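Student: Here the protein sequences line up with chains A and B, keeping their order. Position 100 (the first sequence) corresponds to 100 in our numbering; numbering is contiguous. Position 34 (the second sequence) corresponds to 1034 in our numbering; numbering is contiguous.
Keep in mind that the hints were calculated from the coordinates and are not lab data. One should not assume that every hint holds.
With a cut-off of at most 20 Å between alpha-carbon atoms, the simulated EDC-like pairs for lysine to aspartate or glutamate come out as follows [said to hold, decoys possible]:
1) B:Lys1002 / A:Glu36
2) A:Lys26 / A:Glu36
3) B:Lys1036 / A:Glu36
The following residues of chain B were derived to be distant from chain A, with all beta-carbon distances above 12 Å [what the hints assert, rightly or not]:
4) Val1011
5) Ser1024
6) Gly1060
7) Pro1068
8) Val1073
To give an idea of the interface, some chain B residues facing chain A are shown, with a C-beta separation under 7 Å as derived from the structure [what the hints assert, rightly or not]:
9) Ala1043
10) Gly1058
11) Ile1070
None of these values were measured; they are calculated from a predicted model. We put the CB at the ideal spot given by N, CA and C, even for glycine.
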Amino acid sequence: MHIPDGILDPKVWVSAAAVTGAVLYKSVKYSQRTLEHRAVPVMGAMAAFIFAAQMINFPLLGAAASGHLIGAAVCAILFGFWPSTLIMSTVVIIQAVMFQDGGITALGANILNMAIVAPAAAALTHKLMQKLSLPGSVSAIVSGWVSVVTVAAVGALELALSGVVSLQLAMSTLLFWHGFIGIGEGLITAVVLQFAIRSSFAFAAKEMAS
Amino acid sequence: MKKRIIAWMAVSLFLAGFLSLFASSHPDGFEKAGEKAGYIERAEVLLAAPMPDYSIPGIGSWLSSSIPGIVGVLVTFAVFVFIGRRLGRKSK
């Protein structure tokens, strides 16, 4: 879901960058109040893990296409929305600047999609699942799936607003592929969360944030 | 906690430095959809990155894909910790 340069219209990527800037400003303010120094390496390790996991493209059965983890749901369930935006932004920025994965003018949009919309969708879904008192693994799978599909829908909207494709075609093609990729995201999220909880990552971060 | 962080970093280095060599090279969902919808051919490169597409230009062997993964994991950790330490507040 990394958008390269040359596809988004300037009015779209400038607006996306402005929204991203405003949200990240709030994230910074939030972490200045609540982020404890001792929690930082735990989140740093999770950022590094998500960077690594995003490199593992899994094949979509029977199709000449692949998908990979975003990781926003893992982050959001463990650490909550605001810290997740910083963790995911770090990953997305490094991918663009060092590895040309995602464009430099599209950076604001890519952060908006994968570091803001994705953890927001996952955090909200997770909260809803908890209210319905569904088991953690179910919540992980559903939150992972919803985060990917939501990003695909927002991405489709950005493409349509850029005038490079009709909204209907962008929605149908992106949602089709990401409906499958989301299943991978959900399953990986559930497995990774098991290990992260066993490492008491969430506990560590929360304990330190209080 | 330090041991657990080292374990997570070791797994990340394994994923990025080794398992990534076996990752699917098919286009991802965004590119695949873009082939059908026709937007992906508009893609261009405005900023030449040092390791484009997670490879080192000029190196032919598996190291060309392995090294960027390892560097990326270490840089991601370092950058987050650097920024986090400056943003966060000191523990009592």
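Student: For every hint, state whether the structure bears it out.
Tutor: Structure-based check of each hint:
Between the alpha carbons of Lys1002 (chain B) and Glu36 (chain A) the distance comes to roughly 16 Å, so the proposed pair stays at or under 20 Å and holds. About 17 Å separates the Cα atoms of Lys26 (chain A) and Glu36 (chain A), which keeps this hinted pair within 20 Å; it holds. A C-alpha spacing of about 47 Å is found between Lys1036 (chain B) and Glu36 (chain A), which places the hinted pair above 20 Å, so the restraint is violated. Once the 12 Å rule is applied to beta carbons, Val1011 (chain B) is inconsistent with being away from chain A; the minimum gap is 7 Å.
Consistency note on Ser1024 (chain B): stated as away from chain A, yet its beta-carbon is not over 12 Å from all of that chain's, at 4 Å minimum. Even its closest Cβ contact with chain A, about 19 Å, leaves Gly1060 (chain B) beyond 12 Å, as expected for a residue assigned away from the interface. Annotated as non-interface, Pro1068 (chain B) brings its C-beta within 12 Å of a C-beta of chain A; the closest such distance is 6 Å. Some Cβ of chain A comes within 12 Å of the Cβ of Val1073 (chain B); the nearest lies about 5 Å off, and the non-interface call is violated.
A distance limit of 7 Å between C-beta atoms decides the matter here; for Ala1043 (chain B) the minimum to chain A is near 4 Å, and the interface restraint holds. Taking 7 Å as the C-beta contact cut-off toward chain A, the hint placing Gly1058 (chain B) at the interface is violated, the least distance being around 16 Å. Look at Ile1070 (chain B): its Cβ only gets to about 9 Å from chain A, farther than 7 Å, so that hint breaks.
Going down the numbered hints, you'll see the structure goes against 3, 4, 5, 7, 8, 10, 11, while the others check out.
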